[in-house]
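Could you slot chain B onto chain A? The hints should help.
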Amino acid sequence: MKYSTVLAGALLATTVMSQAFAQEAGNVTVVLGEEPDLVEPCMATRSNIGRIVLQNISETLTELDVRGDEGLKPRLAVSWEMTDASTWRFHLREGVKFSDGSDFDAQDVKHSFDRAQSDQISCEISRYYEGIDITPTVIDPHTIDFTTDPAQPILPLLLSLLTIVPSETPIEFTREPVGTGPYILSDWQPGRQITLERRDDYWGDAPEVQTAKYVFRSDPAVAAAMVSTGEADIAPTISAMDATTDMDVAYPNSETTYLRIDSSVAPLDDKRVREALNIGIDRDAFIGTILAEGTQVATAINVPTTLGWNPDVKAFPYDPERARELLDEAKADGVPVDREILLVGRTGNFPGATETFEAIQSMLNDAGFNIKLQMVEVAEHEQYYSKPYVDGRGPILVGAQHDNSRGDPVFSMFFKYDSEGRQSGIADQKVDDLIAQATAATGEEREALWSELFAYLHDDVIADVLLFHMVGHARVGSRVAFTPTIATNSQLQLSEIGFR
Amino acid sequence: MKSMLGKRAVSSFVSLLVLIVLVFFLSRLTGDPAALYLPIDASEAMRENFREINGLNDPVLVQFGHYLSDLVRLDFGDSLRKARPAIDVVLEAFVWTLWLALITMVLVTVAAIVVGALAAFNVGRGFDRVASVFSLIGASAPDFWVAIVGIVLFSVTLGWLPTSGTGTIWHWILPVAVLFIRPFGLILQIVRGSMINALGSAYVKTARAKGVKNRPIIFVHTLRNAMLPVITVIGDQAAALLNGAVVVETIFGFPGVGKLMIDSILQRDFNVILAAIMVTALAIFVMNIVIDIAYALLDPRIRT
Numbered sequence: 001m002k003y004s005t006v007l008a009g010a011l012l013a014t015t016v017m018s019q020a021f022a023q024e025a026g027n028v029t030v031v032l033g034e035e036p037d038l039v040e041p042c043m044a045t046r047s048n049i050g051r052i053v054l055q056n057i058s059e060t061l062t063e064l065d066v067r068g069d070e071g072l073k074p075r076l077a078v079s080w081e082m083t084d085a086s087t088w089r090f091h092l093r094e095g096v097k098f099s100d101g102s103d104f105d106a107q108d109v110k111h112s113f114d115r116a117q118s119d120q121i122s123c124e125i126s127r128y129y130e131g132i133d134i135t136p137t138v139i140d141p142h143t144i145d146f147t148t149d150p151a152q153p154i155l156p157l158l159l160s161l162l163t164i165v166p167s168e169t170p171i172e173f174t175r176e177p178v179g180t181g182p183y184i185l186s187d188w189q190p191g192r193q194i195t196l197e198r199r200d201d202y203w204g205d206a207p208e209v210q211t212a213k214y215v216f217r218s219d220p221a222v223a224a225a226m227v228s229t230g231e232a233d234i235a236p237t238i239s240a241m242d243a244t245t246d247m248d249v250a251y252p253n254s255e256t257t258y259l260r261i262d263s264s265v266a267p268l269d270d271k272r273v274r275e276a277l278n279i280g281i282d283r284d285a286f287i288g289t290i291l292a293e294g295t296q297v298a299t300a301i302n303v304p305t306t307l308g309w310n311p312d313v314k315a316f317p318y319d320p321e322r323a324r325e326l327l328d329e330a331k332a333d334g335v336p337v338d339r340e341i342l343l344v345g346r347t348g349n350f351p352g353a354t355e356t357f358e359a360i361q362s363m364l365n366d367a368g369f370n371i372k373l374q375m376v377e378v379a380e381h382e383q384y385y386s387k388p389y390v391d392g393r394g395p396i397l398v399g400a401q402h403d404n405s406r407g408d409p410v411f412s413m414f415f416k417y418d419s420e421g422r423q424s425g426i427a428d429q430k431v432d433d434l435i436a437q438a439t440a441a442t443g444e445e446r447e448a449l450w451s452e453l454f455a456y457l458h459d460d461v462i463a464d465v466l467l468f469h470m471v472g473h474a475r476v477g478s479r480v481a482f483t484p485t486i487a488t489n490s491q492l493q494l495s496e497i498g499f500r
Numbered sequence: 001m002k003s004m005l006g007k008r009a010v011s012s013f014v015s016l017l018v019l020i021v022l023v024f025f026l027s028r029l030t031g032d033p034a035a036l037y038l039p040i041d042a043s044e045a046m047r048e049n050f051r052e053i054n055g056l057n058d059p060v061l062v063q064f065g066h067y068l069s070d071l072v073r074l075d076f077g078d079s080l081r082k083a084r085p086a087i088d089v090v091l092e093a094f095v096w097t098l099w100l101a102l103i104t105m106v107l108v109t110v111a112a113i114v115v116g117a118l119a120a121f122n123v124g125r126g127f128d129r130v131a132s133v134f135s136l137i138g139a140s141a142p143d144f145w146v147a148i149v150g151i152v153l154f155s156v157t158l159g160w161l162p163t164s165g166t167g168t169i170w171h172w173i174l175p176v177a178v179l180f181i182r183p184f185g186l187i188l189q190i191v192r193g194s195m196i197n198a199l200g201s202a203y204v205k206t207a208r209a210k211g212v213k214n215r216p217i218i219f220v221h222t223l224r225n226a227m228l229p230v231i232t233v234i235g236d237q238a239a240a241l242l243n244g245a246v247v248v249e250t251i252f253g254f255p256g257v258g259k260l261m262i263d264s265i266l267q268r269d270f271n272v273i274l275a276a277i278m279v280t281a282l283a284i285f286v287m288n289i290v291i292d293i294a295y296a297l298l299d300p301r302i303r304t
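Chains as they are written, first to last, in our numbering: chain A, 1 to 500; chain B, 1 to 304.
Derived from the structure by calculation, the hints contain no laboratory data. Keep in mind that a hint or two might mislead.
Stated by the list, open to error - Only part of the chain A face toward chain B is listed, based on derived beta-carbon distances under 7 angstroms:
#1 Arg127
#2 Glu130
#3 Ile139
#4 Ile184
#5 Asp187
#6 Gly191
#7 Arg192
#8 Val215
#9 Phe216
#10 Ala225
#11 Ser228
#12 Glu231
#13 Ala379
#14 Phe415
#15 Ala455
#16 Asp459
On a predicted model such as this, the values are computed, not experimentally measured, just so you know. Don't be surprised by glycine CBs; every beta carbon is placed ideally from N, CA and C.
The shape of chain A in the complex, shown without the other chains:
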């Protein structure tokens, strides 16, 4: 009797409570790994902000198609063309209103650009326009010219990162973002949740989602559990270990893992040694073991969907015997191959990071290297990874990840390979020239130049040890229809979410 009462009570509690935590129709809850510090449109290139703001609250003139292969699509601009070698003209969409009721026009675009470039605030978007002199000129309310020096063949792509705010927006960071997007920020309880509400006067098609609630859990196991229990609908990043249910999907997350070689220090200045590093690692052995199934072996710092990615570049085979021979040859020529090489990895860089770097260390030592592994925190990692490098340093390999889902290698190449690049481990005149030429080129010529650079870096310079294009895992609840893409790391458009 007593037992059955308890049981009945428990069952009742279960039903009552599962209803209490269930979601209303038209609403979704998204559980993210970290809360954004700001919901500031000009910081939308930062992933934790972009996932909430980009194309939901704030829109851009152009948009890169990541689901199909349409390339750059119109958004707030309907079309664009070059009027001369250094000027791009954008024709803006008419009849668009900001969520504060004001009309969208060319003045807003100019103000958004000027605000992002202002030296009174640190807008993250501005780094994409560094080194280019860009002057926006309003032609009429729905036409704007951008004059650049030097010529910017990919300016329309660069403008896919510029979020548009009304011209009344003050320069300082705002906590009440106003945009042209289909949603407004309706509630923000710091530390707890952010809520977006659908607008009725959006210029485009009305999305299915009425209200989106974002909550934040730094433990991916808890995020995954929330989707299982129905408390949340989408957890865009859960760990591979938890991705065991049929709600879980793997997707390429646009991160490339590699070892940056500092080729100015012996023995890493010897090309044979760099080749030995590359063939001394059994990349295939990681996939499906330490790293998730679906991880791809990389032959370039950029993912295969990037312009100019070169399919003719083949991954280095695993050949420890040959690696030993190469080291012996180098040694015979006086290269100090026995010198201890420091391998620096970042704790928690990706799930299984420590195990991955430990396995790499062990494989390379088996191939005849003398590798010492050091796992460090993010701030210390940055000191190894970015210039200025320390004087009098020993040979260093830095394990790192690079994310470029923006479709063009220009967002990577200068930083990672130019002699002046902040994270570059090489100084090669031909590389510098190719980067400069490709950056200034358009169309097929641009594609061909990037292709040539990818092959040259991988086969001739052997600039680094390229390892993997990584996959992420998302858990999507049964109520909603959503397929993550390569862009899910940086944005999550609510209009792409449907209900089942």
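For chain B alone, kept in the frame of chain A given last:
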């Protein structure tokens, strides 16, 4: 009693000052916030601009001077990351921590005293054994493990409680339960030990000889005398909770001050670190005074 509290206040104020100086300079030793705030590809010019906007280019002593003069006007400065007053950020989080600590400590204190007193009265018998074993397990189980097991069992498998977050009273049960276990185990052991001592004392034997019943012996005579060491431990445990229950806050997505402190240290958000330390230090100072008063009320010898 007044002079005791006065001395306490002065020494606490001095400690607070030393703490400000130490934390101000130590946090700046961790490095340059610009390196973490800006993306890894950002140029030196962008970093320089960031440092200029945020006054990080001034000599450290000048920064310290600015900080102190602002502090006198109760201005803790803006959070570097959140671009709003650091004190607002901290107080928002601290309210949650305060409630969490208060609810947990009230439950712990009541439960530990009742169970501990009963265990002491039944030394060596079944109730005592069971209470001791469970409290030892509780005091030694790692809280992240208890938290995850709690979520798997009560949220995912049984569906009785929400996994995490805030919003309803149900959301408080798991975090409070996880926080409850360790101090409960510890305080229960202290209550039990202290009560066993007191129960063996001469005045209890006298009371028994006079025919006083068990319940008044425990709750009127012995408990009051056995409380002094217990209050010390309650104070320690409450202070630990006021500093933030980092693990519980992280796992349950609870917006408390512990995780805020860790995050602001990792992000080098100096003003938030200092504001958080000031607020928690003040709270602990107030709590210590409450404990001193409690001591004085329980033990007349301390009042003089």
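Each hint tested on the structure:
{"no.": "1", "hint": "Arg127", "result": "holds, 5 angstroms"}
{"no.": "2", "hint": "Glu130", "result": "holds, 6 angstroms"}
{"no.": "3", "hint": "Ile139", "result": "violated, 30 angstroms"}
{"no.": "4", "hint": "Ile184", "result": "violated, 20 angstroms"}
{"no.": "5", "hint": "Asp187", "result": "violated, 13 angstroms"}
{"no.": "6", "hint": "Gly191", "result": "holds, 3 angstroms"}
{"no.": "7", "hint": "Arg192", "result": "holds, 5 angstroms"}
{"no.": "8", "hint": "Val215", "result": "holds, 6 angstroms"}
{"no.": "9", "hint": "Phe216", "result": "holds, 6 angstroms"}
{"no.": "10", "hint": "Ala225", "result": "holds, 5 angstroms"}
{"no.": "11", "hint": "Ser228", "result": "holds, 6 angstroms"}
{"no.": "12", "hint": "Glu231", "result": "holds, 6 angstroms"}
{"no.": "13", "hint": "Ala379", "result": "holds, 6 angstroms"}
{"no.": "14", "hint": "Phe415", "result": "holds, 5 angstroms"}
{"no.": "15", "hint": "Ala455", "result": "violated, 24 angstroms"}
{"no.": "16", "hint": "Asp459", "result": "violated, 26 angstroms"}
The earlier numbered hints that this structure contradicts are 3, 4, 5, 15 and 16.
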